[in-house]
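Each chain, letter by letter, is given below.
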Amino acid sequence: MNYPLLEVRIVTKYFPGVVALKQVSLTLEEGEILALIGENGAGKSTLMKILAGIQQPDLGKIFWNGKEANIDSVEAAMDFGIALIHQELNLADNLDIGSNIFLGREPRNKLGIINRRKIHEESLKVLERVGLDFDPRTNLSRLSIGQQQLVEIAKALSMNAKVLIMDEPTSSLSSKETARLFEVVKDLKEQGVSVIYISHRLGEVKELADRVVVFRDGQNSGELSKEEITHERMVQLMVGRDVSKLYERTPHQPGDEVLKVTDLVSPVFPSEKNSFTIRAGEIVGMAGLVGAGRTELLRVLFGIDDAIRGTIEIEGKLCEFHHPKDAIDAGMVLVPEDRKGQGLVIDWPLDMNGSLPGLDQHLTQKALIDKKNEVQTAETMIDNLNIKTPNRKQILQFLSGGNQQKVVLGKWLALGPKILLLDEPTRGIDIGAKEEIYHLMDKLAADGLAVLFVSSELEEIMGVSDRALVMHEGKITGELPRSELSEESIMQLATGQELAAAH
Amino acid sequence: MKKLLGITGLFIVIFAFTALQQESFISARNIENLLDRTGLLGILGIGVAFVIITGGIDLSIGSVVGLVGCLLPLFVVDKGMPVPVAILLVMLISAGIGLAHGLLITKLKLQPFIVTLCGLLIYRGIGRFITADQTMTFGGQYKGLREWATGNIDLPVLTASKGFSLPMPFLILFVFMIIGSVFLNKTVWGRYLLALGRNEQAARYSGIKTERLTILAYVICSTLAGFGGILFMLDLNSVQPSSHGNFYELYAIAAAVLGGCSLRGGEGSIIGVMIGMGILQMLKSASLFLEIPDQLEFTIIGTVILLGAIADELGKRIVHRIRQAKQNS
Chain F
3 MNYPLLEVRI VTKYFPGVVA LKQVSLTLEE GEILALIGEN GAGKSTLMKI LAGIQQPDLG
63 KIFWNGKEAN IDSVEAAMDF GIALIHQELN LADNLDIGSN IFLGREPRNK LGIINRRKIH
123 EESLKVLERV GLDFDPRTNL SRLSIGQQQL VEIAKALSMN AKVLIMDEPT SSLSSKETAR
183 LFEVVKDLKE QGVSVIYISH RLGEVKELAD RVVVFRDGQN SGELSKEEIT HERMVQLMVG
243 RDVSKLYERT PHQPGDEVLK VTDLVSPVFP SEKNSFTIRA GEIVGMAGLV GAGRTELLRV
303 LFGIDDAIRG TIEIEGKLCE FHHPKDAIDA GMVLVPEDRK GQGLVIDWPL DMNGSLPGLD
363 QHLTQKALID KKNEVQTAET MIDNLNIKTP NRKQILQFLS GGNQQKVVLG KWLALGPKIL
423 LLDEPTRGID IGAKEEIYHL MDKLAADGLA VLFVSSELEE IMGVSDRALV MHEGKITGEL
483 PRSELSEESI MQLATGQELA AAH
Chain W
146 MKKLLGITGL FIVIFAFTAL QQESFISARN IENLLDRTGL LGILGIGVAF VIITGGIDLS
206 IGSVVGLVGC LLPLFVVDKG MPVPVAILLV MLISAGIGLA HGLLITKLKL QPFIVTLCGL
266 LIYRGIGRFI TADQTMTFGG QYKGLREWAT GNIDLPVLTA SKGFSLPMPF LILFVFMIIG
326 SVFLNKTVWG RYLLALGRNE QAARYSGIKT ERLTILAYVI CSTLAGFGGI LFMLDLNSVQ
386 PSSHGNFYEL YAIAAAVLGG CSLRGGEGSI IGVMIGMGIL QMLKSASLFL EIPDQLEFTI
446 IGTVILLGAI ADELGKRIVH RIRQAKQNS
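Top to bottom, those sequences are chains F and W. One rule links them: number in the working numbering = place in the first sequence (from 1) + 2. One rule links them: number in the working numbering = place in the second sequence (from 1) + 145.
Next comes chain F alone, as it looks inside the complex (with noise of 0.2 angstroms):
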């Protein structure tokens, strides 16, 4: 009898007060790219460390090709050849690429001096079968995050791994960086390696996985073999529910032109000039590759950083923002790419939080604090935008990702702003908060603010836009309005070609 090269025959994993995984089964195919999806929260992430030997499993058995396997820790998973690779690299940037791959079981001789021949020797080989063509004693830091990852990659394999677990992978990576990995996980796969998948980006699932298994909630709530792979199953199977009114519109009636930048140089790119003009009640879509500028430009108009040349105009009035100050008293606020380092204060409570921009506009007569405005602002936020907190002194790195974007959604609504900029808005938030979100911005707009979002997905772009922006390489290369968004017309314009010949 075949057996699976890894099995995981119902587990459950209990954490103090929930049941983190509920009789899960799953199993893994020599040389099979499994990807597994679900929302966060689905169970996924525990599953993995249970697999990499992190936790053990409270109930059922892992059986490694038909036999039950003991992986009680992080060496024993090595041992038998399961390797995670993280979210955030564990890498050391200050060493180079071998001693990377070699951290902590350096080769040694017998003064236990290090054998670097060796270390340069191995490295070389690894270094190959994940198509990175560097000398393996280049510092580490000279390597794009993409490229790193594909070191780490090859750390594992220098490990004799037989099972890749990546946690979603290209979160941080270009799409050239993305394509990159693509091809050497195909590779991997070629190489009989094993992988386990998990992504958010559905796009990539069905361009790489050869099978897919959703959880949802704990448990198993679905498989799908190649040929059933689509994004609206996938959906379905991870929501369980209906979610054709994800990027559900009311159409917006676009009036008064709220904000017009006319060539603006942000420093990073010193010789790009970029023009544009938002309307209020319109949403604008900037789409690009990671590093095409997008969040450069978003931090000069926020006055984060000084706007080399160009002007910026809020109705009418020229402005000069050097202090994220200016632009939020000018009605402009932004919501950051970086919700934890710069969004907000992550450990502190939702109430304080949300009253800390508008603290000096609301002050008692006695210039302290206005406690009531405070609690006021914290209650009208948690009703409004349906955040889900058990009251409004939770300290906020306990709520769910969605939850906290609504806080920082929720800190300047209350100010009443004219423009809103966001920057990847629903990144690493599950699709129910995704849909909240995409309504809420829909409702904004409906009600008069000007909204102009960075996304680097392309479905939300097309979903969400009223028109879109495209920016490569620091500078808007085109603007489609949304009768023509596209796949093809967003792409063409994000990888700096012209557009095709109807234009």
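Do not take every clue at face value.
[To be verified] Straight line, CA to CA, 25 angstroms or less: simulated DSS-like cross-link-like pairs of lysine-lysine:
| no. | chain 1 | residue 1 | chain 2 | residue 2 |
| --- | --- | --- | --- | --- |
| 1 | F | 477 | F | 262 |
| 2 | W | 147 | F | 373 |
| 3 | F | 327 | W | 252 |
| 4 | F | 368 | W | 331 |
| 5 | W | 354 | F | 368 |
Quick caveat, the hints were computed from the structure, so don't treat them as lab data.
Chain W: place on chain F using the hints.
Frame of chain F, contents of chain W only:
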């Protein structure tokens, strides 16, 4: 709040333990002395607490105290300046020192440790140079001023019955503590300081002028160091330029940390600083009363702070675990 309870508990334990061992520890004379020292050093502690809350540090406090101790008699006795003018000038110099620290740290992005370590060396040297290392004193003059600033205030009942009167420096500390607490916990600027200490970027992205506030914290710190320096000078009336104020920054920092300020920033309690300084002074005095060799003074203080830090860290982990368990339920 839990932290405050913790150090208040520690305070009571040390106090009760020493008092039971040695009755003279709670004599009016000794309590007065404790309050006096707590007052003088506590003012420095409140100052450095603001800097620590921003995630910074100020190592120059002792040298500022020393410099002020040199300048004040120099201005008044040698230059013949009127006392109010001299005090104002000294305060301005102190504030200017804080401003310089703040600007170097925010505009040039130098590390607070380096900037204020250099300050420690520079101000000490200046103090010694301008006085040629001579002991500075008012002599027998300005008795009234000295009495006013550092003398004792008679209290209605206690003074008559127990011979206890309240040292002025402690009263001053108490006033500063109330102002400082209100500033930190009730005003916008205090909230901003806590926010920027916890997450500088998020504070800036929320429209807070983080650089200005950081500078403000350093100005508050050095100004309070200068003010404390004036009181120290008036209290002692004898200043050795080479050693006056040595280690005071460490007392101030230790009290702030003991009182609940996190060196990572974003956390702190002004009342805690006062209690923390009370503990430090009490330990010092207790080791005297319990006839522990005074060579061990620093060792005892260090051990108690270390134990406090360990208990705090362990406590935090337990709280974290409970929280997570709750979260998962």
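Of the numbered hints stated earlier in the document, which are not met by this structure?
none
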